[in-house]
Amino acid sequence: ETGVTQTPRHLVMGMTNKKSLKCEQHLGHNAMYWYKQSAKKPLELMFVYSLEERVENNSVPSRFSPECPNSSHLFLHLHTLQPEDSALYLCASSQGAGGPYEQYFGPGTRLTVT
Amino acid sequence: GENVEQHPSTLSVQEGDSAVIKCTYSDSASNYFPWYKQELGKGPQLIIDIRSNVGEKKDQRIAVTLNKTAKHFSLHITETQPEDSAVYFCALNEGGGNKLTFGTGTQLKVEL
Chain P
1 ETGVTQTPRH
11 LVMGMTNKKS
21 LKCEQHLGHN
31 AMYWYKQSAK
41 KPLELMFVYS
51 LEERVENNSV
61 PSRFSPECPN
71 SSHLFLHLHT
81 LQPEDSALYL
91 CASSQGAGGP
101 YEQYFGPGTR
111 LTVT
Chain D
1001 GENVEQHPST
1011 LSVQEGDSAV
1021 IKCTYSDSAS
1031 NYFPWYKQEL
1041 GKGPQLIIDI
1051 RSNVGEKKDQ
1061 RIAVTLNKTA
1071 KHFSLHITET
1081 QPEDSAVYFC
1091 ALNEGGGNKL
1101 TFGTGTQLKV
1111 EL
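Those protein sequences? They're chains P and D, same order as listed. With the working numbering applied, the first sequence covers 1 to 114. With the working numbering applied, the second sequence covers 1001 to 1112.
This is chain P alone, in the form it adopts within the complex (with noise of 0.2 Å):
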């Protein structure tokens, strides 16, 4: 176990619906970050967020909104997505966003958008 967990591990959702993904680190660490991981490509940073400033904001579109309440939880929420989305989820940590730290990633969320 890398020190991150991540809720739900799958999830199936219409167009119109809302959910949202939940990411928890016990690493006491300072940044967070959420990937999105699709067949055939390379991990794409979606945001980044350092004692919960939001610092990156990857050209992500706004059906996808992040939150971070505290330095140990992130959120994704989601709404009027496409079916490309459907992707696995990843959330990650570190030390700082300074850098370069160690990312240390959870086991993701498998989304599938109908």
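Keep in mind that the hints were calculated from the coordinates and are not lab data. Watch out, some of these pointers could steer you wrong.
[To be verified] With a straight-line Cα cutoff of 30 Å, these simulated DSSO-like cross-link-like pairs (lysine-lysine) come out: (1) D/K1071 / P/K36; (2) D/K1037 / D/K1057; (3) P/K19 / D/K1042.
[Stated by the list, open to error] Here are some, though not all, of the chain D residues that point toward chain P, as calculated from beta-carbon distances under 10 Å: (4) S1018; (5) Y1036; (6) D1049; (7) A1091; (8) G1097; (9) L1112.
Note that the structure is predicted; figures quoted are calculated from it, not measured. In this text, a Cβ means the ideal position worked out from N, Cα and C, and glycines have one as well.
For chain P, the structure is supplied; the task is to place chain D on it using the hints.
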């Protein structure tokens, strides 16, 4: 953004043989090069990393080499075992910061 090329995309070896995966890049400011292993149904696991002030790092059966002049780095796994079968990703930090750019992955299969 930075582009990282990873080869091969698939690699099949016999148990006990060595496996080598190579990544090339273009950003001369990159100074941190981690390797991740991802097993089916799991997230990527950091297995080894190297920083630009060294050319080689070893951890038991795993080693990473870095050639900053030629802008490539490689993962070497010796005495491969079936449990080494997984997808391996190289990565580097864009512009020397904390933002990681990943390769496309190598599916390693270790056959008995």
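Here is how each hint holds up against the structure:
For the proposed pair D/K1071 and P/K36, the alpha carbon gap of about 26 Å is at most 30 Å, so the pair holds. With a C-alpha separation of about 17 Å, the suggested pairing of D/K1037 with D/K1057 holds against the 30 Å cut-off. Pair hint P/K19 plus D/K1042 holds up; C-alpha atoms about 22 Å apart against a cutoff of 30 Å. Hint status for D/S1018 relative to chain P: violated, with the closest Cβ pair at about 25 Å, above 10 Å.
Interface hint status for D/Y1036: upheld, as the beta-carbon distance to the closest one in chain P is roughly 8 Å, under 10 Å. Annotation: interface hint on D/D1049 holds; nearest CB of chain P at approximately 7 Å, less than 10 Å. With 10 Å as the threshold, the beta carbon of D/A1091 comes within range of chain P, its nearest partner Cβ sitting at about 8 Å, so the hint holds. About 5 Å separates the beta-carbon of D/G1097 from the nearest beta-carbon of chain P, less than 10 Å, and the hint is met.
Look at D/L1112: its Cβ only gets to about 27 Å from chain P, farther than 10 Å, so that hint breaks.
The earlier numbered hints that this structure contradicts are 4, 9.
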